[in-house]
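These are the residues of each chain, in order.
Number of protein chains: 2
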Amino acid sequence: MAEMVKVAVDAMGGDNAPAEIVKGAVEAANENGHVKVFLVGAENAVRRELEKHSYKPQQIEIVNATEIIETAEPPVMAIRKKKDSSIVKALQLVKNGECDAFVSAGSSGAVLVGGQVIIGRLKGVERPPLAPLIPTEKGTALLIDCGANVDARPSHLVQFAKMGSVYMESVMKVRNPRVAIVNIGAEEEKGNALVKETFPLLKNCPGINFIGSIEARDIPAGYADVIVCEAFVGNVILKLYEGVGGTLIKKVKAGMMTSLRSKVGALLVKPALKETLKEFDLEQYGGAPLLGLKGLVVKTHGSSEAIEIKNSVLQCVTFKEQKINDKIKEKITLEDE
Amino acid sequence: MAEMVKVAVDAMGGDNAPAEIVKGAVEAANENGHVKVFLVGAENAVRRELEKHSYKPQQIEIVNATEIIETAEPPVMAIRKKKDSSIVKALQLVKNGECDAFVSAGSSGAVLVGGQVIIGRLKGVERPPLAPLIPTEKGTALLIDCGANVDARPSHLVQFAKMGSVYMESVMKVRNPRVAIVNIGAEEEKGNALVKETFPLLKNCPGINFIGSIEARDIPAGYADVIVCEAFVGNVILKLYEGVGGTLIKKVKAGMMTSLRSKVGALLVKPALKETLKEFDLEQYGGAPLLGLKGLVVKTHGSSEAIEIKNSVLQCVTFKEQKINDKIKEKITLEDE
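If you read the sequences in order, they're chains P and H.
The numbering of the first sequence is the numbering used here, which starts it at 55 and goes up by one.
The numbering of the second sequence is the numbering used here, which starts it at 55 and goes up by one.
No false leads were slipped in.
To spell it out: a stretch of chain H is covered by chain P in this simulated footprint if at least three of its residues, at any positions, have a beta carbon under 8 Å from a beta carbon of chain P; those stretches are: (1) 190-203; (2) 267-281; (3) 297-304.
Source of the hints: derived by calculation from the structure; they are not laboratory data.
Computed from a prediction, not measured in an experiment: that's the story for all the values here.
C-beta atoms are modelled at their ideal positions from N, C-alpha and C, and glycine is treated no differently.
With these hints in hand, go ahead and build the complete structure from the sequences.
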């Protein structure tokens, strides 16, 4: 029998905690018998939610945590002071080896800082990037880094390219993933200081399939599998994806409501349209892994519902089964010698 | 009688030159009797296109230019060497005061560099930003800077905020335009080094209505009128707007073609949808002004068709009539004392 994958879940994190978090965790356990979920949070509240569902008791365990880190709290201070918060207790479980991974819809800052401070980086990793999957016309692409390390240096971006390649190859099963750096033109001499310095390093980096610069316009078209950028730019890309998508869909809906003729049409196209647009819904893809840690941390949207939590927990299983961290260590250290 | 506004148009720039450029210029002249257009480019080719249209001869003049600057050419070198190119000759017309403004769909690099080198900056302006209008749910917003000055300093961003405010107030008639800086979180302490340093300067800057940080997600929703950012980030925002928009509309169309039911619906919603989505088409808004020069330079998309050229030429009229450059000079120098 395969070993159980143990996942700590922040039962108190996000706008829909604990109800949707508990629901998603139970769904993941019910879908995959090799998962054991540790629901970390206020015991009574979590138990009340659990009672609404059916599950195998050996797959779910509650770990009591009396404090909650709020989104607005300065992360470093919160991690240091709130020792009995769901985030700190869950991260401790991963650090101690009691869990393999941690999933949270809570404070991004606290999860990112806590992951680095409590779990710690893999040997050789300079900065752990946050790397969400984003939808493209051809499937998905990994946006790396997307909020963990602003003002990164060229050597960090090279490591992001390596870690992202491992992830897309082993978790998403993309053969020889195409790596590109976000730039403001296709030519090598274009860009800001960071990109100009990083470009030749990526070009000469063994073990990755670097295809050059990518303009933001070409990201949704699916021209690359691993989109390398500094965290500020990555965060802008991720959030604009959501923003433009949301606004356009609103416009489409409003456009359909302008005449009787179009209203009738809207009723007819609705089911097909809903199905297609689902592919462009970021929440379908589970959370964003924080790569390069001794253990896995997955950050989901603050607005996560059960489906995203479930997908994120199941993502942890693939991550462990594919021994991603061993592969990252290998790629990082091999080429650094 | 009002003074004529004289606009030099790069007849050879862009994918659809000279046909669409000439067509757009003629349309602008026919729509506004106070415009005189100078079509700069290969005389014979331009004349052949002109012969296809009706116009008042006193409103259109051809200025022969025997060279063309290609998009791929390094801009500084091209501007220096190709003295008889349409871009250099048109910029000379503005420099000499024979024209008030210049519109080009040609090489962005050459237009930006040439504008600064040949026409020159207004007194007090450190760096002239490129500032396109982008569509939002509530109308439009000015994205400033969007490609002219990568690796800008905080003082540049403050000037962008001032120039953008003048533009939105005087050209777009937005009262007391809301200025925001692109950031990765709403709180003042968030951001990269540039944003953290710029934030307090904007907060204390008189003469602008600074409302704080804006996350990329909230740009399409129309939370601000002047979106201040460094050029690399601005370029990513502009191009991703186009990219996500294009991909989503493709998805919507494909979604409507998946069943007989939805195909019938598509026929019914199409006209209404087309009308609504037009508001989200960047090309409807004319080109992007390069602000802060002694004269106006407007850069349009490389793929510009007649409508964008026409709108850009007409934009130059408003710009001159509203005495934008006087207002910019006033705002920049006043607060610097």
